[in-house]
Every structure is written in C-alpha cells, then in structure tokens.
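Chemist: Use these hints to put chain B onto chain A, whose structure you have.
There are 2 protein chains.
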Amino acid sequence: MKLQSPKGTRDFYPKEMADHNYVIDAWRRVSIRNGYEQIDGPIFETLDLYKIKSGEGIVSELFSFRRTGGDTDYAIRPEFTPTLARMVAAKANALPKPIKWFCTPNFCRAERPQRGRLREFWQWNVDILGLDSPLADAEVIFTAVDLFAELGLTHEQVRVKISHRDTTRHILLKLGVSDDRMLAAFNLLDRREKMDDDAFVKAAADLGLEEHNVKRFDEVCRMTYSIGGLAALRASVGAGVDLSDLEGLDEQLKAFGIADWCEYDLGIVRGLAYYTGTVFEIKEVSGVERAIAGGGRYDKLIELFDGPPTPAVGFGMGDVVLTNVLLDKGLMPEDASPAPDVFLIAASDAGAAQLPAVASQLRRAGLHARFSYKATRNIGKLLRDATTSRARYTVIVDDRISENIVAMKDMASGEQSDVALDQIADQINQ
Amino acid sequence: MKLQSPKGTRDFYPKEMADHNYVIDAWRRVSIRNGYEQIDGPIFETLDLYKIKSGEGIVSELFSFRRTGGDTDYAIRPEFTPTLARMVAAKANALPKPIKWFCTPNFCRAERPQRGRLREFWQWNVDILGLDSPLADAEVIFTAVDLFAELGLTHEQVRVKISHRDTTRHILLKLGVSDDRMLAAFNLLDRREKMDDDAFVKAAADLGLEEHNVKRFDEVCRMTYSIGGLAALRASVGAGVDLSDLEGLDEQLKAFGIADWCEYDLGIVRGLAYYTGTVFEIKEVSGVERAIAGGGRYDKLIELFDGPPTPAVGFGMGDVVLTNVLLDKGLMPEDASPAPDVFLIAASDAGAAQLPAVASQLRRAGLHARFSYKATRNIGKLLRDATTSRARYTVIVDDRISENIVAMKDMASGEQSDVALDQIADQINQ
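Line order of the protein sequences matches chains A and B. Following my numbering, the numbering of the first sequence begins with 1 at its first residue and continues without gaps. Following my numbering, the numbering of the second sequence begins with 1 at its first residue and continues without gaps.
Derived from the structure by calculation, the hints contain no laboratory data. Some hints could be false.
A pair counts as met if it fits within one copy or between any two copies, since identical chains are not told apart.
Think about it this way: if two alpha-carbon atoms lie no more than 25 Å apart in a straight line, the pair counts; the simulated DMTMM-like pairs of lysine to aspartate or glutamate are [to be verified]: (1) K7 to E79; (2) K51 to D398; (3) K97 to E61; (4) K300 to D71; (5) K194 to D132; (6) K381 to D132; (7) K215 to E284; (8) K174 to D335; (9) K15 to D25; (10) K409 to E37; (11) K7 to E61; (12) K97 to E16; (13) K254 to D299.
Chain A with its partners taken away, still in its complex shape (with noise of 0.2 Å):
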C-alpha cells in the first residue's frame, strides 16, 4: 500500500512522461507564439485564499493540511484562478496592460478519480486581463483553436460552443425571469442536459415563469447557431433583446479566421458565479468525452482579491481530457521522446576506453550523444541497438580513434564514411 502511487495520481514513466511532454510543450509553444508571457505560483496557497471564490463549499475538495503548532490552513492548490487574480491584484499599477499570461501547472483535488478526470492534473491557464474588448475574448478562443491545430485536430472533430451571460439574460429578461432570479435561471440552463423534463418544468415554474415560456426557455436550452449567423438568432427572439455583445464578438471571431470551429450555444452558461459576459466550453464532438476546456469574461474577480477593477477572460484546458481524445484520434506521437543524434558503439577495446570522451566531446557540441554500455564488440548486435534507440546517426569507435578517425553511419541511408572526431558535429548540424 504505501509503496504505491496515491489514488488519482500518476507515475510517469518515460513513456508516459513524453505523451505528457508533448502535452504540455504544445501548450507552452502555442502560448508563446500568441504572445503570452508564461508566470506560476505555489503548489499549495492558504485555505482562505480559495474561499474568496468559491466559498465554503470548496474546503472539501480540497487537500488542505495545517503545519503542528500552526495558525494557518493551507491547501494543495485545486485551480489556478485565486492565484493569478492574487497576483495580478498586487502588481496590478506596475503591470502593462493588456496582461497576457499563460501558465501549465499541475492540481490536485480530492474527487473520485474517473475517465477524464484525476485527483493530480496539469491545467493549461490562458488570460488577457485589462481589455475590455471582444478582441480580448476572440484571441483567447483562437488561442485554443490554434493549440488544436497544432496537435492535428480538426473543426469537424473539436468545437468551442459559445454564449454571452449578458445575451442570455436579455433574452430571459423578455422571457419573465427578473434579475434578482436570473442568477437562479442560469444555473437551470446549465443543469438542462442533466435534467429530465417533468423536473425542468417544475424548476422553470418556480422561476415564476409562464407556461408557454417554460417551453420558450427550454427552447432557448438547445439553441445554436454559427459565427455570422446571429440574424437567425435575432429572428428567433424577436425584437427588443439585445444582442450586441454577441455581435461585438462575432466580428472578432471572424477577424481570427476560426468561424468554423465555433457556434453559439446558448444552453452553456458556465457553472461557476463569476463570469460576467463571454462563456464558452471546448468539446469534442462525439461527446463521449467530459469538456476539454471551458472559459469566459470575470470583469468582477480582481477587485474580489482587493486588486482595481480589472477587466479579465480566460479559459483553462486540462491535459488528462485532451490527451484521451489525442489517444482516441490517433493524435498522439508513437514516441515523443527526443531521439538521439548519435549512438556510439565500440568495436575495439581501445575504442571502448574512448566512448566516454568521444560522448562527452559531441554532447558538449550539443548534440544528444548515447553510447553503449554492452562489452560486446558483436557490431550487429550494437548495430541493432542503435537502431533501438532512434538515433540518426551511429558513430563506430575502433582502434583508429588513437587518429581521431571513426566510422559514421546514417541510419536512414545506411551510408557510411569515416570522419575525422572533430568534424561530426559540423556534420550533422550541416
């Protein structure tokens, strides 16, 4: 028992390590080249600081631990969100604006572990902060899209379903719901697909809506429609219901060129209390698998963490979902680990005396240089491991080594020459 990883953990092996590399180095490059400045923080923050969003009811997902003879509750951190408004809210003055920050941490909460869900993951954090502009919320999306892209996802098997809470409310507005219980409306939306319809029915009611406009909001549950068709919105609700917000990012998403890999869905809200606009969740399309990523505007979550009003939108994208559709779409390299550029092998005993500073030599060129390790001097054999281990090139080490002469193989070509030891480098860089 004790000599097992704890449940809803993972060891990563070298295998498992490189899938998990491959992950997490896309994210990194994809943020980079979108102009995102890569922060982190603690792996675990007070207690408190996850209660100023997201209540008590947090505390019991948490892995909170308390140091003996101490006065504070600490937490493993379960997202990244608290951390960054905390950080953000005290440098707030300093930091030029728009804040563009990316981070890929990992979290731990204490949840049953399940498909697409872990207690121990690494989460993808994305965030424009002090842009009040569709711009901002169209950029983050195409940031998502654009890691997609880059693992050789499609538009026809990933899509981003998009709302806006301020279009949703104008809409519930006009269908009776008043504001001080569209907060109560939101979370029905969001619960629809989970919910059978005598229970819908029922919690509709109770928002004090009409008959005809339970099944009006039931509508509104399945509406969707594509980037730049926000007429056919328009007609369905009708007139005095404004839609300027989703008409606002619509123009931005077309500007980014990913109208294809998104729709407007007005049954997605967000669970969460604190998006104030834009809200959006990442899904593959057959379905089977939880949400890749979800996100939204939270103009009001700074000022929560005692930072100036900031405006904010972001998304987070969790590595154990995404790499379980990479599985499934067979997305995800055989072997991601870094080849070799040069396998050594001895052929003489003098020439096994040298692999060492012939490795060390090439390495110290920055060439990735492994020899073996076997006393064989069956070349076939050593051959074979050469080709085991990937590597570009094999290097065969022999008497002649005392000139500095060896033999160099391409393993691709097969060709093989002699080269002087100082000239490999120059070589396979050329």
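Modeler: Same frame as chain A, but now just chain B:
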C-alpha cells in the same frame, strides 16, 4: 495575510518565470543530450513512503495531511528518491538497463526559509541505475559539469568535491575505527567543518581512537587531491589501504575529460546513511553559498523499497542556490523570455481591423507574433512599442492590406520593404 503567498514560496511573474525557465530548460536540454529519459511522479505520496528511507525523523520537515474520514497520511514530496525507488522497484524487471532517468520537479520542506533554502523549490534529479561501474559515477558527474558549462560557469567557479565511502572506510579502519563505529565516524567527518577543535577531539576519542590517530583523523577531514593525483593520497595513507574504488573512478573522470572540474576531498561523506560508495558535493568556489548539488552511489536503496538488488548512482541539484550563483556571476540573461518574431502595428483603421487576421495567419505558420492593442495610429509611438517588445521584425499594416501587401521592417538593420502577406513567414524563416 490570506492574499500573500505562503512563507518560503515564490510567485513567478514573467521576469522571474523566464529566469526559472532558463534554469529548468537547461537542466532538461543537458539531460536529454546526455541520454537520460525524463520521468515524474505525484506531487504527494503516502507519508509512510518517506519513512522507509528517512525514518520518523523526516515527518517534522514535511507538509503532511490526512483527508477527513480517511485513514492514510500523505505528504507533499520533500525529495524524489523515494518516488524513484518505488517506480524502479515496481517495474525493475521490465526496464532495460542501465536505467538513465532525470526529472525536474518541485518539492516542499517545512524548513525556516533563508538564503539558498526555501519551502518550495525545484530540484534536478539525475540517476543511472543497473550499472555497477565507476563509468556510471563519472557519467552523472559529467552531466552536472556539462550543465555548468552550458550555463557559462567555469571550473574556476565551481568544484565537484568527490570521495568514496569505501576508501574512507579503509583509511579509518587503519586509524583504528571499527566497522561497528564506522557510521558514527562518517557522521563526525561530515560535521567536522562546523565543530570547534575541542569538540572534535572529544568526539573522535569517543570513537576509540588513540591520540595520534585523532590528529591523523583530523588531517583526513581536510585531505584534498587532484584527479590523476592519487599517488599523493597513496603516499599519505601508506600501504595496506585499498584505494581501488577511487582509482577506478579516477580513470573514468579522466575519460570524460572533467579532471579540471573535480577534486578528491576526504572531508565529504554526505550525511545520509544510504550512500554506499562514491559521494560528492558541488560547491561554488568562494564558499559563500550552500552546496549547489550533492549525490553519490546508493546500491542498497532499491531493495529497501522491495525491488531487486540494483546498483544506482545519482545527484540532486536545487534551483535556489544555482540561481543565486548565476545571478552573482552575471550569468543570468538580462531578459530570458522569448522575443517575438514579429510585432504588428496598424497605420490605418482598415489596417487595425486586419491585425487579428494577420496575427492569426503568422501564428499558425509557427511565428511568435504580437500586435499592438493601442488605438493610436502614431507610427513613431508604435515602433517604440515594437522595439520594447524585442521583436525581430515589425510589420506595418495599412489600407494596402486589401491587396495583401504590408511593410516589413528589420529591427536590427532598420531596413524596410513591402512584402506580400503570405511571404512573411518564408522571409523570416529563410
């Protein structure tokens, strides 16, 4: 209070994160070119796992916790070795030998924060398992040296101080230390630097040493020899002392070409009981910092974790001291964050409307492209922003974007020319 990061932890804003990544990326790059495969384990383990290696004494240094209603104590990892041993033991027979693994995880220890020591830190772990040869000892030391060279440190700034517990044991046996008091003698050797003379003499006498041997023991604590200079050690300790272990290591250190970086220092034993052969510490030469790294051979540890007998050697190198050394020596880049390939600015309203489209096209082509979010059309001001961004090129978008033509300025040479939109990526990558 709740809005501060916990004592001894760090917030990594973009500048701090770039410095942090500079170190972590170097660890990873050097590990890979030296033929190690990356692994990782959970951020927390069962508390019992840490007791296997370190006993009950470790518990007070840990951030440990138990879930409400649960029956298992866990702890945030304070080090990697127990996880490594668990992972090797679990798959020992399935793993090709030698196992060459590295990782760069974060750890937490409930210590008093001070210079070079924080409560959350990162540590590079490098290990070779399954190879019972000084070749492995020398290769892990070479790996550390390769990292220093990669970061611009020289052998005049950093020294690897090496000893071998068997050699030390043979010397101490000749001085009259019996094997049942050997571990106590090692501990005394380890603490010599921090003790005054009287306390040392008393402790050495308590080991049963005669007066002239106490004096001799004190000399041993300070003995240093260069690589290739074991004849001097032989002359000093006289006949009848087995130096074969150090002699074997000596050959390999020379083979890897790192003699200049290393020295034998018989005062090094490493406090931890689990080391079985070679031990080493890496120190900044001036001596003002804590050790940069420490390691050695631990041939019995995998058995302790229910694995088969497995020779093993490795080291750990923390990020805090290493970063201090790099900063002290002026070796940390002024700005280690990735510079943009392209900074986009708009010279007209039509151009501004197309910035997202141009940026998305360049990013999809793999370029790091940023754009100005400012409403101004003052090219002078915008070009200053481009300079601040450190972009290699500025692309100026105006009404001619309708014909897919933009102006591109090389920020190093100042040269500017018109270019077709779809030629930008080729021109930059050429």
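Chemist: Which holds for K15 with D25 at a C-alpha limit of 25 Å: within a copy, between copies, both or neither?
Modeler: both (15 Å within a copy, 20 Å between copies)
Chemist: Up to 25 Å between alpha-carbons, please classify K97 paired with E61: within, between, both or neither.
Modeler: This pair counts as neither: shortest intra-copy Cα distance 34 Å, inter-copy 41 Å.
Chemist: At most 25 Å between CA atoms: does that hold for K194 and D132 within a copy, between copies, both, or neither?
Modeler: neither (34 Å within a copy, 59 Å between copies)
Chemist: When no copy is specified for K215 and E284, does a C-alpha distance of 25 Å or less occur within a copy, between copies, both, or neither?
Modeler: Neither way: K215 and E284 sit 28 Å apart in one copy and 74 Å across, limit 25 Å.
Chemist: Within a copy, between copies, both or neither: which one fits K7 and E61 at a CA-CA cutoff of 25 Å?
Modeler: Cα proximity of K7 and E61: in one copy and across copies (15 Å, 23 Å).
Chemist: From the Cα coordinates, with 25 Å as the cut-off, is the pair K174 and D335 best called within, between, both, or neither?
Modeler: For K174 and D335, the Cα distance exceeds 25 Å both inside one copy (55 Å) and across copies (54 Å).
Chemist: State whether the alpha carbon distance between K300 and D71 is at most 25 Å within one copy, between copies, both, or neither.
Modeler: neither (30 Å within a copy, 40 Å between copies)
Chemist: Between K381 and D132, at a C-alpha cutoff of 25 Å, which is it: within one copy, between copies, both, or neither?
Modeler: Between. Shortest inter-copy distance 22 Å satisfies the 25 Å Cα cut-off; intra-copy 64 Å does not.
Chemist: Can you give me the call for K254 and D299, within, between, both or neither, at a CA distance of at most 25 Å?
Modeler: For K254 and D299, the Cα distance is within 25 Å only inside one copy (23 Å; across copies 62 Å).
Chemist: Regarding K51 and D398, is the shortest C-alpha distance of 25 Å or less found within a copy, between copies, in both, or in neither?
Modeler: neither (67 Å within a copy, 49 Å between copies)
Chemist: Could you figure out if K97 and E16 sit no more than 25 Å apart (CA to CA) within one copy, between two copies, both or neither?
Modeler: between (38 Å within a copy, 18 Å between copies)
Chemist: Check K7 against E79 for me: Cα-Cα at most 25 Å, and say if that holds within a copy, between copies, both or neither.
Modeler: Both: 19 Å inside a chain and 20 Å across chains, each within 25 Å.
In the structure shown, a violation is registered for the earlier hints numbered 2, 3, 4, 5, 7, 8, in ascending order.
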